[in-house]
Amino acid sequence: MLKKSLAVILSIAVAVSGLWFATKLLEPKYMSGILEGAMISEYYDDPTDHNVVFIGDCELYENISPVYLWNNYGINSYIRGSAQQLIWQSYYLAEETIRLEHPDAIVFNVLSMKYNEPQNEAYNRMTIDGMRWSSSKVGSINASMTDEENFIEYVFPILRYHSRWSDLNADDWDYLVNRDKVSFNGYYMRVDEKPAEDVPEGRPLTDYQFGDNAYYYLDKLTKLCKDNDVELILVKAPTLYPYWYDEWDQQMIDYAKSNDLTYINFLNLQDEMGLDWNKDTYDGGLHLNLSGAEKMSDYFGKVLVEEFNIPDRRGEAELDSYWNTVNDRYELEKERQTNNLELYGTVHDPDENK
Amino acid sequence: MLFTSYEFIGFLLAVFVIYYLLPGKMQWPFLLLASYAFYFIADPRYLIFIAVTSVTTFFAAKAISDKKIAFDTWFKGHKKEYEKEERKALKAAEKSKEKKIFLACLLLNLGILAVTKYTNFTIANINSIMSTFGSENGISFVDLIIPMGISFYTFQSMGYLIDVYNGKHEAQDNLFKYGLFVSFFPQLVQGPISRYSDLSKTLYEEHRFNWRTVSFGLERILWGFFKKLVIADRILVAVQAIIADTDTYNGFYAFAGAMFYALELYADFTGGIDITIGVAETMGIKVTENFIRPYFSKNIKEYWNRWHITMGTWFTDYIFYPISASQFMMKLSKKSRAKLGNNLGKRVPVYLSSFIVWFTTGIWHGASWNFIVWGLGNFVVIMISQELDPFYRWFHSKVKVAGTFGWKLFQVVRTVLIMSSLRMFDCYRDVPLTFKMFGSIFTDFSPSQLKVEAFTGMGLTVYDYAVVFVGMLILVGVSLVQRSGSVREKIATLSAPIRFVIWYGLFMATLIFGAYGIGYSASQFIYNQF
Amino acid sequence: MEELLEILGDLHPEVDFTTATGLVDGGILDSFDIVSLISEINEEFDVTIGAAELTPENFNSAEAIYALIKAKLDDED
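Chains as they are written, first to last, in our numbering: chain A, 19 to 372; chain B, 6 to 535; chain C, 13 to 89.
Possibly wrong hints are sitting among the right ones.
As the list claims (entries may be wrong) - Straight-line alpha carbon distances no greater than 20 Å define the calculated SDA-like cross-link-like pairs of lysine to any residue that follow: (1) A:Lys-155 <-> A:Ala-140; (2) B:Lys-306 <-> C:Asp-42; (3) B:Lys-73 <-> C:Ala-64; (4) B:Lys-93 <-> C:Leu-80; (5) B:Lys-173 <-> C:Ala-64; (6) B:Lys-93 <-> C:Lys-84; (7) B:Lys-173 <-> C:Lys-84; (8) B:Lys-339 <-> C:Glu-55; (9) C:Lys-84 <-> B:Ala-94; (10) B:Lys-351 <-> C:Leu-16; (11) B:Lys-351 <-> C:Gly-21; (12) B:Lys-73 <-> B:Lys-104; (13) B:Lys-339 <-> C:Phe-44; (14) B:Lys-105 <-> C:Ala-64; (15) B:Lys-303 <-> C:Asp-42; (16) B:Lys-336 <-> C:Glu-56; (17) B:Lys-30 <-> B:Asn-215; (18) B:Lys-413 <-> B:Leu-485; (19) B:Lys-351 <-> C:Ile-19; (20) A:Lys-238 <-> A:Ser-276; (21) A:Lys-297 <-> A:Asp-216; (22) B:Lys-173 <-> C:Thr-67.
Said to hold, decoys possible - A few chain B residues that don't get close to chain A, going by computed Cβ distances all over 10 Å: (23) Ile-155; (24) Arg-311; (25) Lys-351; (26) Val-378.
These are calculated hints, taken from the structure and not from any lab test. Here a beta-carbon is modelled for each residue, glycine too, at the ideal position from N, C-alpha and C.
Build the full structure now, drawing on both the sequences and the hints.
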């Protein structure tokens, strides 16, 4: 009897570890080329008591540098952002963040108000897969799924990624369990430049009203922050495209006013920040590069300190040493990209899978 | 709810757990409930159709059966009072009363089947005939629903009705038990077409959890999923590419398409039946086998005894025999013998019955000329092979190849090629196109078509073909082993670690190499705006 | 019985029907054979065999077939 139960337990153990191994091997690693999918999960590894947490899409994670904020203002911050992060995904990340720590302020970028329905399965996965299991993750999945998706594919990612068996490469083995850090407290760095020319005017829309669903989650986010005594700051990043309509802007101004929130449209502050669209973007005005992000951080840091009294925490030994390591990686990455740019004309390594 | 969907697996799990938690007496009623739920999830409107068929056949069969029993009891007590001729007349009178009920029920149900399935086909044909006479305005098509599995459950019910009418067995007394026989969910979608005398043996019994039965059932389900997901659903991509673009894919590609389709259909159909039988088995219920390694058949007749067996026997028992044993055929037989001589004359009724059977088989498969021509194609091939019989006898008396491996292999290959050619009607849009594509195999073949690039251009990579190929080898291997008895029995005699490796390996292979879900590829993540 | 064996022998000269059993289950007689057989029987014995009686049990051996014919000839119950 003992022998038999032992055999059963052993079989189950082998079966489960086989599944675990296959899942780990087959899931995408996002360690080169498309790094965005790896960013959400990095959050959990670092010390948490951030004073500011930025939550939103690429208009945050490519435009603000927490390293700069630390070095110049002593602001301990993190960006919880991912590609095309939809508002409900941001909401659930905020919910989780507030459960895990208690930031003084949450900064939310309002561009995603333009999406009222689930959009793209691939982006969903990049945002959600990295989250740890909690009611927030369940909520995020349920709010995000497109018609072709199934909840169970999030529970068992192998059901989703099994067909990658024919695409496996060295990265999948190298990063089977341990992954590199790809971001700097959520910041995605690019040093290259591609001037913004001929940025198109937005085409007229038939309806400028943001959707009910988007507002529903914005309301939830507002309430969440109020209930937990967290300052919610709405921002619109200064990047030129996707086009931000005046009608949209007005809705956010009104919303902030009626809910007693701060809304900062950085598009109106380009001169104050000193943005130069010939030098401060790497893709013609969609996203800022490092130089642009540091300019924006410089301006925003001042606002955070002066208007929201975010404390300067430099001098706390633990934080100093943590930020030192991030800063070292930051400098190394800057150097690597600059070198690549000189040698190959691109920030990517020649053998990088794009 | 497709067999290969998360919903179905979830549904199965729920049914399975509840089934064994319930007291034995509640098991079959629960299965009825589950079957109707299964149907309800597919489309609530379907329920009316299956309920009508169940209720009408139940009461008709019950009435016939009750009358029969009452008559027999009465007759036993009173037959001495009558002369031989009178007794005959009494019996005939009884039979004709039963026959009225029988025919009414039969025609009603076949009528439902015909209307739902063939109305639009009929309209299309009328329209095309009218247009040849220059008529512009055709009849517009009717928007009818075709209830899932209607061909299968109608045939199953009619088989039951005919058997009761013929006195093979008594009618079921319980409407709900009968309802379960008609709607039993694992076989609702694609058969097998069970006989009441078979299925009723285990369907209503109480079943206690038995590890051996359950594990055997699960193994069978897993094997079915392997066939469907790893082989069928993958090669299907190439089949569809080939038949969709006949300008590019003719000649050798048409041949390759026919072979791919042979593999796809076999893996898909037998895999589905494996799942059906396996699901029933996990609940202790025995469903009739529907396939016995058909691609190992040596001739077409044998093939049809081994492929979709329950359909073949249904047509034999309920169409071929009644027609060929009818008074009309007996008379025809006499006449044709008198006119055409004994040898030729005796074949007329057989072939005529066979012709009717294959015509109906064709149209049963689908409301289109493709299927009708396919059915008649089978008839022609069977007739030819029947007529060639003397030739083969002569051949074998001269050349001693019978029984050799080479000859058997030749027979098997020949059967597969003939059946695959006929099945091309199943693939292409219409009959002329099928003939054109079949012809192109011989006329448009060129060695330049044997390019790897052409095949990887059909939506499958070299890796996919490799998986299909290995899957096919496993399929053939299992079939070879199966010739000497159940593969699962054989595996059960192996040591535990080896059993574990086999079943876990099959599970993981299905999980990873199965063609299901949203195909993931990194190329999807072309990073544009965000 | 003699006549019956002759009919059977015509269908399958290679089989010894005096001893053979399992004719249907063993695949010696297929549906074509059975239909030819009943029309021959109809001719020879003037006996009509109905579709309902075309079961494997009735055709598995020459003896069984003969029993069926005899029962038909004697008619009655």
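Pairwise hint evaluation, C:Glu-55 against B:Lys-339, where the allowed Cα distance is 20 Å at most: holds (7 Å)
Satisfaction of hint between C:Phe-44 and B:Lys-339, Cα-Cα up to 20 Å: holds (17 Å)
Hint consistency between B:Lys-30 and B:Asn-215 [alpha-carbon to alpha-carbon, up to 20 Å]: Roughly 17 Å separates the two Cα atoms, so the pair holds.
Holds or violated: B:Lys-93 to C:Leu-80, with C-alpha atoms at most 20 Å apart: holds (18 Å)
Hint consistency between A:Lys-297 and A:Asp-216 [alpha-carbon to alpha-carbon, up to 20 Å]: holds (15 Å)
Distance restraint between B:Lys-93 and C:Lys-84, which requires alpha-carbon spacing of 20 Å or less: holds (13 Å)
Agreement of B:Lys-306 and C:Asp-42 with the hint, judged by alpha carbon distance not exceeding 20 Å: Holds. B:Lys-306 to C:Asp-42 sits at ~9 Å (cutoff 20 Å).
Holds or violated: C:Lys-84 to B:Ala-94, with C-alpha atoms at most 20 Å apart: holds (16 Å)
Outside-interface status for B:Val-378 - nearest CB in chain A farther than 10 Å: holds (38 Å)
Status of the stated non-contact between B:Arg-311 and chain A (beta carbon gap over 10 Å): About 34 Å separates B:Arg-311 from the closest Cβ of chain A, which puts it past 10 Å; holds.
B:Ile-155 non-interfacial with respect to chain A [C-beta, more than 10 Å]: The claim holds: B:Ile-155 sits with its nearest Cβ about 28 Å from chain A, beyond 10 Å.
Restraint status (C-alpha distance of B:Lys-173 to C:Thr-67 at most 20 Å): holds (10 Å)
Checked against the numbered hints given earlier, the structure satisfies every one of them.
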